[in-house]
Structures are given as C-alpha cells and as structure tokens.
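Number of protein chains: 2
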Amino acid sequence: MADFDPTLYVITDAEEADEAVLLTRLEGALAGGATLAQLRDKYRGDGALLRLARRAKTLCASYGVPLIIDDRVDVALAAGADGVHVGPEDLPVAEARRLMGPGKIVGATAKTVAAARAAEGDGADYLGVGAIYPTATKVRTVITEVAVLQDICRAVRIPALAIGGLRADNLGILAGSGAAGVCVVTAVMRADRPAAAAADILRAFQNLPGNRTA
Amino acid sequence: MADFDPTLYVITDAEEADEAVLLTRLEGALAGGATLAQLRDKYRGDGALLRLARRAKTLCASYGVPLIIDDRVDVALAAGADGVHVGPEDLPVAEARRLMGPGKIVGATAKTVAAARAAEGDGADYLGVGAIYPTATKVRTVITEVAVLQDICRAVRIPALAIGGLRADNLGILAGSGAAGVCVVTAVMRADRPAAAAADILRAFQNLPGNRTA
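For the protein sequence lines, the chains are A and B, in the order given.
Going by my numbering, 183 is the number at position 183 of the first sequence; the sequence numbering is gapless.
My numbering runs 214 ahead of the 1-based position in the second sequence.
Calculated from the structure, these hints are not laboratory results.
Ideal Cβ positions, reconstructed from N, Cα and C, are used throughout, including at glycine.
One or more hints might be untrue.
[Stated by the list, open to error] Quick partial rundown of chain B residues pointing at chain A, CB under 8 Å, derived from the structure:
1. Val235
2. Arg286
3. Val287
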C-alpha cells in the first residue's frame, strides 16, 4: 500500500462541471494543507473523467499528496492515481483491491462495526465513516453517531476518517473519537477561499483534545 | 485476443431495470443464435452491475458465447467477462487494451475511416459502425451512411459490425458492405420473442448477397 496521511482528506465537488474551477479549488485545498485528495465525479463521460483525473494527479503530485479516484477502478488505473474509494453501491472492496494491486490505496465506506471489520478484512486501507452531520452532497444520508465512529476506531487497525457536514467550527464533536482524520467536500470545495478553509479545518482537527498537534 | 464470431452481436437494453427480465431476454437471444453478447447498463450502481455481469457471464458461457461489458473495464475485469466495448465518450481504446490485457476482446465505435483506423491501431478487435438507421436507444444519433461502413470495411483488417435500428426486414441495405455482422438491441431485446427475433436476424444477415450462408 502507498503511504498516506489521512488527517485532512479533501474530496472534489462531484457536481462541478467546470474543470478549471475544480482544479483551482483543489489546488487551494492542497495549498491549505490537505494531506489526501479524492476526485469524485457524477457528471463527466469516462474519457473526460480520465483527462481530468490525469490533471488532478499531476496537481496532487506537485504537492506530494496522493490522489484517490471515487468508484472507478479503471479510471484510477488508467490515470496512474494512487488509489480508489469504493462505497456501498460500488465495486466490492475485495474486487477493488484485487484489480488495483497491493501497491495502491483502497478506501471504503463503513457505517457499522461489522461493515468496518469486513472492509478491513477485504483489504481496505482506510474507512470513511459518516455522515456525522447532514451534508449538502448526499440527498438521503443516514446519520452515523460519533459513538459508532468510536466503536469502529476501536474495532479496526486501519485509520477511520469522519465524513459528513464537518467544518472547522463543528468538528469538536470528534474529540476522543479516535478518528484519524476528517473528510470534507463542501467546507473546502465550495468555500470562497478553499486554501484558508482547508487550513482552518486542519488546525481545528489537530487541536482537538487528545489529537496530535501540528 | 479471445476468439469470437461477430455475426450477430446482441446488446442488452441499458434501461431494463428488472434483472430477471434482462437475463431471460438475453437467454432468448442466445438460444436464437446470438454469437456475441454485450451487457449495456446505464441504470445500476457498480455493485449491482457487477452481480448482473457475473450472472450474464455464466449464462453466455453456457452457450459458448463471449460476453462483452459496455464502457466499464473494471467491471469487465471483476466479472471475468470476455471483453469491453468503449465508445467515443468512454475510456480510450489504448487504455482499455492496456487494462484488459492482450487476451480479452476490446471493441470500439467508429463513424469515420480515420476513427476506424485509429481504433485498430490502438488495439481494437472489432468496430461497431453506425447508426445505420435511427435507433430507439440513442437520443441523438448521427446516421452513418452504408458507403462509410463500406469504406471502413476496406480500410481495416478487424471486423466491422453494422449497428443502429437494424431488423431482419431492413438489413438488406448491408448487402455488399463488407460488414462482418450486425449489432442489435431493440430488435431482439424488446421483441416479444427474443429467440425468434434473433434467429430471423441471423438468417437475414447470412442470406445477404455476398455473405456466407449458415
């Protein structure tokens, strides 16, 4: 598996049609301290997605940050990305791992301890756990209690990251949860100043009681 | 490349939500003489698509017919399918070939001689050329003249298949074109009797002046 720092995982806005806007915001997130990036897209054809993924990969590489592709193992492989994230509707974790090979990052979504253990057993390198808060990017979201996040963090050895509506001013709820990081979309990618927003969230997470400091 | 017979290439209805209905119709097409099958889906999540692809692969294998997956190289690999078809909006032919490896079938869409030659050079095993007639499955379709199909058949060594609105009673237009086969969706997959429809189309194509006979 590729080495990665899960502290601040910034995910692109899947509905951003403008490639230049998307890449500019991603660059802001990277400049602000994102440690991991994900390209999420529900909009483009596969050829366009591959071209965007290659540009995002070059951008992330210039910041030394791994790029994960949402859902699409084939696009991740073709773009030379660092990994893939699979959710409950996507290819199974075991298939993603088999196709990606051992050297790449495979992330999974987990809402229960059982799902977290299964994903770890199937080869996931990290877990996204949530939604902690309601989120603008998912229409129907089941809220995951921080207590469940805490249970998951205790049950698995791989890092678990909190996702869902998290911002610098509301992530105090994660104190003591054991979360290895936070995933954000809206709070950074739809911010007026993505770099400042990323830096604020990174600082807030690192300053949580019980977390390491910057 | 896997060996295949391009004579009658039946493609599933991408909007068929009912898995049992889809598989029953596919089985009819196979029983009626389809020589190649493609799973096309614009409806399912990736996990559901993979499960369907595995069932379709088992079904096709029982008839000794290769199964091609539309668009999704990762799903094709995970399902152990025989190949992938990539259109102009999909992953490039060269990427599909690289990810699938040399032993699998890679199909491409071509509407011009230049596109056909490029796809052949990038590793395509066959070409879908059309739409010959307007089709119910594509909203905006540019009609490809049979003269262009003929030029493509002369320009490349790989088989070129005619696609688009073809039925047993209208494929006479292909006589002398050099087409190695016909691709059909609606005429078989939305037929009352898919097996009889497939058999009729196969017979009509084989009986075209200049074609081999059954």
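Hint numbers contradicted by this structure: 1
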